[in-house]
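Let the sequences and hints guide you as you build the complete structure.
The residues making up each chain are set out below.
There are 2 protein chains.
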Amino acid sequence: MAERFAEDERFAQDAAGRADPAGTAAAAQSVEPGRRCKTFDANEAVARIAYRLSEVIAIYPITPASAMGEHADAWAAEQRTNLWGTVPDVVEMQSEAGAAGAVHGALQAGALATTFTASQGLLLMLPDLFKIAGELTAFCLHVAARTVATHALSIFGDHSDVMAARTTGLALLASGSAQEAQDLAAISHAATLAARIPILHFFDGFRTSHEITKVELVDDDVLRGLIDPAALRAHRERALDPDRPVIRGTSQNPDAFFQAREAAEPFYAAFPAVLDHAMARFAELTGRRYRPFDYVGHPEAERVIVMMGSGAECAHETALHLIARGERVGVVKVRLFRPFSLAHFLAALPPTVRSIAVLDRTKEPGSLGEPLLLDVTQALVEAVASGERPALPRIIGGRYGLSSKELTPAMVIAVLDELGRAAPRRRFTIGIRDDVSGSSLTWDPELDIERDDVSRAVFFGLGSDGTVSANKATIKIIGEHTPGFAQGHFEYDSKKSGSTTISYLRFGPRPIRSTYRIRRAQLIAIHDPEALERRDVLAAAMPGATVLVNTPIAPDRVWDTLPREVQDALIARRCRLFVIDGYRVAERAGLGRRINIVMQACFFALSKVLPIAEALHHIRDSVEQTFRRRGAEVVANNLAALDAALAALHEVTVPAVASSERHRLPVVPPTAPDFVQRVTRLLLEGRGDDLPVSAFPPDGTWPTGTSKFEKRAIALDIPIWQPELCIQCNFCSMICGACSSPCRSRPRTAPAAACASRSVRPRTRSSPSTRR
Amino acid sequence: MAERFAEDERFAQDAAGRADPAGTAAAAQSVEPGRRCKTFDANEAVARIAYRLSEVIAIYPITPASAMGEHADAWAAEQRTNLWGTVPDVVEMQSEAGAAGAVHGALQAGALATTFTASQGLLLMLPDLFKIAGELTAFCLHVAARTVATHALSIFGDHSDVMAARTTGLALLASGSAQEAQDLAAISHAATLAARIPILHFFDGFRTSHEITKVELVDDDVLRGLIDPAALRAHRERALDPDRPVIRGTSQNPDAFFQAREAAEPFYAAFPAVLDHAMARFAELTGRRYRPFDYVGHPEAERVIVMMGSGAECAHETALHLIARGERVGVVKVRLFRPFSLAHFLAALPPTVRSIAVLDRTKEPGSLGEPLLLDVTQALVEAVASGERPALPRIIGGRYGLSSKELTPAMVIAVLDELGRAAPRRRFTIGIRDDVSGSSLTWDPELDIERDDVSRAVFFGLGSDGTVSANKATIKIIGEHTPGFAQGHFEYDSKKSGSTTISYLRFGPRPIRSTYRIRRAQLIAIHDPEALERRDVLAAAMPGATVLVNTPIAPDRVWDTLPREVQDALIARRCRLFVIDGYRVAERAGLGRRINIVMQACFFALSKVLPIAEALHHIRDSVEQTFRRRGAEVVANNLAALDAALAALHEVTVPAVASSERHRLPVVPPTAPDFVQRVTRLLLEGRGDDLPVSAFPPDGTWPTGTSKFEKRAIALDIPIWQPELCIQCNFCSMICGACSSPCRSRPRTAPAAACASRSVRPRTRSSPSTRR
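Chains as they are written, first to last, in our numbering: chain A, 1 to 772; chain B, 1 to 772.
Hints listed in this document are in silico derivations from the structure and should not be mistaken for laboratory results.
Because the structure is a prediction, the values reported are computed rather than measured.
Careful: at least some of the hints might be erroneous.
To be verified - Short, incomplete list of chain B residues facing chain A, as computed with Cβ under 8 Å:
{"id": "1", "residue": "LEU126"}
{"id": "2", "residue": "PHE130"}
{"id": "3", "residue": "PHE156"}
{"id": "4", "residue": "LEU223"}
{"id": "5", "residue": "THR250"}
{"id": "6", "residue": "PRO393"}
{"id": "7", "residue": "ARG394"}
{"id": "8", "residue": "SER403"}
{"id": "9", "residue": "ASP493"}
{"id": "10", "residue": "VAL654"}
What the hints assert, rightly or not - Under 7 Å between C-beta atoms, here's a sample of chain B residues computed to sit facing chain A:
{"id": "11", "residue": "THR150"}
{"id": "12", "residue": "GLY169"}
{"id": "13", "residue": "ILE247"}
{"id": "14", "residue": "ALA260"}
{"id": "15", "residue": "GLU265"}
{"id": "16", "residue": "THR377"}
{"id": "17", "residue": "VAL436"}
{"id": "18", "residue": "VAL693"}
Stated by the list, open to error - Chain B regions said to be covered by chain A (calculated; three or more residues, Cβ under 8 Å):
{"id": "19", "region": "61 to 74"}
{"id": "20", "region": "157 to 168"}
{"id": "21", "region": "337 to 346"}
{"id": "22", "region": "366 to 374"}
{"id": "23", "region": "665 to 675"}
A virtual CB, placed ideally from N, CA and C, is assigned to each residue, including glycine.
Written as structure tokens, this is what we have:
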């Protein structure tokens, strides 16, 4: 307890800006000097550990867990070995049901086996998971938690899949960041061998699985130090083996089953201590101490949030912010959800707590409360009944973050404010506006607590235009060549290629726990100039922000082509405006439309995160590493583009007054149906989060014919029919997006060049006269 | 509230023996005069309703739900129509996943669709159930709840499958008897149309699905009165239809999913009231009133049990027994588990309650409590927080009945006793002896509360020897030709054909809620004489009980062939002993080994439940109905057996002292391994329930080579090799069980008759000299 107070004290100091936290929970993400780091996402971090500790890896791809299986498959193809020097057998099955069955069989043969999944994939594994747990099998399953499809499918993240598996008897262990995911993966593989309870280790899909951060690596010495050879030998000896024959998988009748089921109970009772022991051992080896529940906050907190997953990082950051302002608040990060350890929970929860908000990232319609809330209520009722706590605190419960909905510090503060009220709502939602059931708490959309020493940049690109790849390379350069911390988060639309991507990059001297979008950026880069016409890309521009636009329009003409809203924003926020014709630089260097190297150079030139010479040096290294296997010409072309980039970068003077008489065009025509005006339009403008609950049909029923209003108009070139060349092959109708309905039928000023199916000419982008 | 007190008063009166309950919960099973009744099991009762109310029935068989699909399939083959005059499409898919998908598709096409499943079958349906619920689809799924396989498979009943589906968003509705299952099935099909929340309606596998009782039928007028035509029309109009095109099954992104998911919340909030409305409408039509929670007990109860399913019937019976003795106890029967209605729960729970035991028929390893306990705790914490209740009662939780383990009145009393202690255990198990974790409550194994006016009979047969069929016919005769109530419960071993079956029959003037084995019977019938040698078949014989033994041994020789233990028991309990060579009667009548008609006649002759002449008349009718389609000869043979039966029935005088020097042989030889001695032996003797938790390996691992100790030795005939006839065809080795290891190699006294493969001679059963 004393130890915890000391750690809390350090948190509070950190919150006051005096020191970086270096205690229990804070240890995650803090990097000790001299330790080997890598900048990657949780999928890669976890796959790396799972691969080193497995002999059989049965996979079936499902977003957002696919990358774990793909990494394992690629590494096996490269003949990379595991900790014991053998190459794991990686086999892709016909479905997740097959993967679970293959793993079950491999485990029964005494192998170390693992798999990766999410969402419906996890549902297909349930029958085997019940058996794997019932047979007390050492096994670790890694889940990039994803929404289970209900009224609609969603590839994004929440805990509805994991919660559907909580009846199986697997232990459930949650990670909130790539660092934690890596560390808890290693701890899980060790603990399951020691405890014989299989573990479902999960982390939030996309937010954690795809967020790139700097992770201090767990090396082989640590893994060797974690795995108990005796426990591994015992696992081998439990194998079904004709030399020591036993039967497993029998059928039992009412006379025997109940007793036999209870016979496993001591293994569950022991599990939290076994896990805590593995966590302590991990701390000895790495300095990073995790516990079944980690508390972050004021040692005498009165209001506490209990939650798990990536949202707890945001709550952690927010709690420190509030403590520095004198508030008595805290956060219990649930790592071990099942088996739920009352003793460890009470040890983590300050005795001063008066009210608790339990946040669940799932919705179980019809339940009095979501799963974590039910467990916390039961735990505290038990604690009072047993005399371990004098009275029941007020307990309220809320849903947040379904399908990767944002959880921001402003929302966390709204929850803590609700806890402080005389009569708080016992059930709520946070992150949406619920004008149907009135469940939602309101929050201050302007509130932002990010520190000034964090560099933040937002990039608007097009799916598959190279923006995301460029940004990933940028983060790796900064993460691996500076002592600072880096975070890259990427918003993809499930429509994938050709839809808008938004990259959020943060760099700073401290661990970054901001698991939400950037609200105020010092740099906004618009790689896809169409975005200027579609959405308010400057909403996040801080006063004095640098704005970079990739545009084929000459620097001296750009200002006049900007819509009035963009001009107004640039002037009001005193932005500096830079332009580059990235397409031209890329094309001249023989890269076609791949502008990533060009834009990356511009970013370093403008952001000044590194001295530009050093940055260019690292980009060159990166180019050589990345493209070497594609041949010298590709490397040379990329280096040429890099060299030409900065010369093509021009600052455009922002005038004192706006001059444009052209406004951003509405993304849907005024003739569009009501639903398209009310709903589709906001989704297209990137403002879907503003839509209230009442905007949506309750059963997922959607009107037909709305996708025509989503025409993405992303072709760089437009075909012009040349009657004198036409052989009526009709190919043009297949590749031409120019005349698809609803065509805006404005005159195209570009001169004709060739027949549609053979040759097309560059389209002048962002010029109103050619926009469709 | 006043109404409830009045009902309770009637319960208490009933408990005091003055009147039969006729209120809320008691209505189930009480039969009004003139109403049409049928004596059948819940599977048939539910299938009948589901068939009448469906147009598409997609099925896949799984024990114990198979019969529902099989009935539907047979009725469709007979071209039976549904309520609207069409024959439902019954289609068997490749698995339960396919059945769920087919149903999902049919529902989206506007059809009324249903399916039936259990256990792993339900797990395979989960992905579709999430979608069916998310799309607010009117649908009712009937589940004969069965254990999910863990350390071992089990075909028997508990709620682990249903609880694994509680995250899907389906409403969960529980029935405790065939009457309730029929009635709630009808209510469910109506309520789901009105509410647009799909319903998972479940009842306990085997205990309810296979228990035969007298059920007051729901006729078509009732069904027509329940189904709201406007709700049905609305279901049709929600169909995907090219004339009114909409999309369902889209993909949503983080901007929209959370809001859209919350948009369904009002449907869940409204559901309990909609269901209660359907229940009220049902009561208007039938007189049987159900509520989301039904309370049975003292109006000022201090100790209350909350539970669902068939066990609640036993608790109901026990509560009435205790109230008549002045105890303030009660039972809340949970019918609507999800959505959990706080208002309805509080309306059912007496305000005087001081302590509550929540009984869950499932185990979720690692949870602080099983699902119903968590919900009840949350409900009561809410009620206190909102001021609806002044203080939190003491709440304890226990597991019972996993895989059809018995729950008896003695166990219910043990739970209520625990509730009365100063410091009750907060978690417990009941029904087993847990010497590993010490979780189990002890109960009085001698305690029995069954009334004297209930006729009880126990039958020991062999799987497929006709005993169960005969008993089913017997119950139907009594149920359908007398004003009384009847119950038949059948214990099958999952080893099926050839293993011991035990039939438990009860007949009485009141509804029978005894959902447990008969502990004291007035009649014990041993159809398989081997049972005398294997287990203590007379354990349940009341003083003065009638004992009927089917044996090929002549009446004057029988006494001397009985083992000493059987003689002692017959004498000590002052039993009357009757014998018949049922095999001989059956064989002479051309029925081969089918002794069912013969034994049925003997039962009626001895039990005197009906005048014997009337009973024989009904058996004749039953024979003619059952066998008519097999031809006149089969009918004639059965009638001949019936006529000959009573003449072959002989009473054997039970002497004053036992004379046998032969004891029951140990079922396993003394040379058997330790595990076989400690565990297998008790399982074979039918005493597996006595085995403590420590007897079982915690992970389901079983020694090999134990089945040889289970040799069932059930062949009626044994082959004797006749060297002078042998042509060395070797067929004998395929059909001969005589020399299989371990052969007990005792001399066979019977003379040789023919070659093994062609002709065999009757084996003299139960004679020690020929037992193997």
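Under 8 Å, Cβ to Cβ, is where PRO393 (chain B) needs to be relative to chain A, so tell me if that hint holds or is violated.
violated (11 Å)
Given THR150 (chain B) was flagged as interface, is its beta-carbon under 7 Å from a beta-carbon of chain A?
Holds: closest Cβ of chain A sits about 3 Å from THR150 (chain B), inside 7 Å.
Holds or violated: the hint that THR250 (chain B) contacts chain A, with Cβ atoms closer than 8 Å.
Holds, about 5 Å.
Please check whether VAL436 (chain B) passes as an interface residue: C-beta within 7 Å of a C-beta belonging to chain A.
For VAL436 (chain B), the interface hint holds, since the closest Cβ of chain A sits about 6 Å away, which is under 7 Å.
Chain A contact restraint for ILE247 (chain B) - C-beta distance below 7 Å:
holds (4 Å)
Interface restraint verdict for VAL654 (chain B) against chain A (beta-carbon cut-off 8 Å)
Where the cut-off is 8 Å and the nearest Cβ of chain A is about 31 Å from VAL654 (chain B), the hint is violated.
Under the criterion of a CB-CB separation shorter than 7 Å, is THR377 (chain B) in contact with chain A as hinted?
holds (5 Å)
Would you check whether GLY169 (chain B) satisfies its interface hint, that is, whether its CB is within less than 7 Å of any CB in chain A?
Status holds, d = 4 Å.
Whether chain A covers the region 157 to 168 of chain B (at least 3 residues having a Cβ closer than 8 Å to its Cβ atoms)
Holds, because 6 residues of the region 157 to 168 of chain B bring their Cβ atoms closer than 8 Å to Cβ atoms of chain A.
Let's test the interface hint: is any C-beta of chain A closer than 7 Å to that of VAL693 (chain B)?
Given a least distance of 5 Å, the restraint on VAL693 (chain B) holds.
Taking the closest Cβ pair, is ARG394 (chain B) under 8 Å from chain A?
holds (7 Å)
So, as I understand it, the hint says ALA260 (chain B) touches chain A; can you test that by seeing if any CB pair is closer than 7 Å?
holds (4 Å)
Hint compliance for this structure: hints 4, 6, 10, 19 and 23 are broken, all remaining hints hold.
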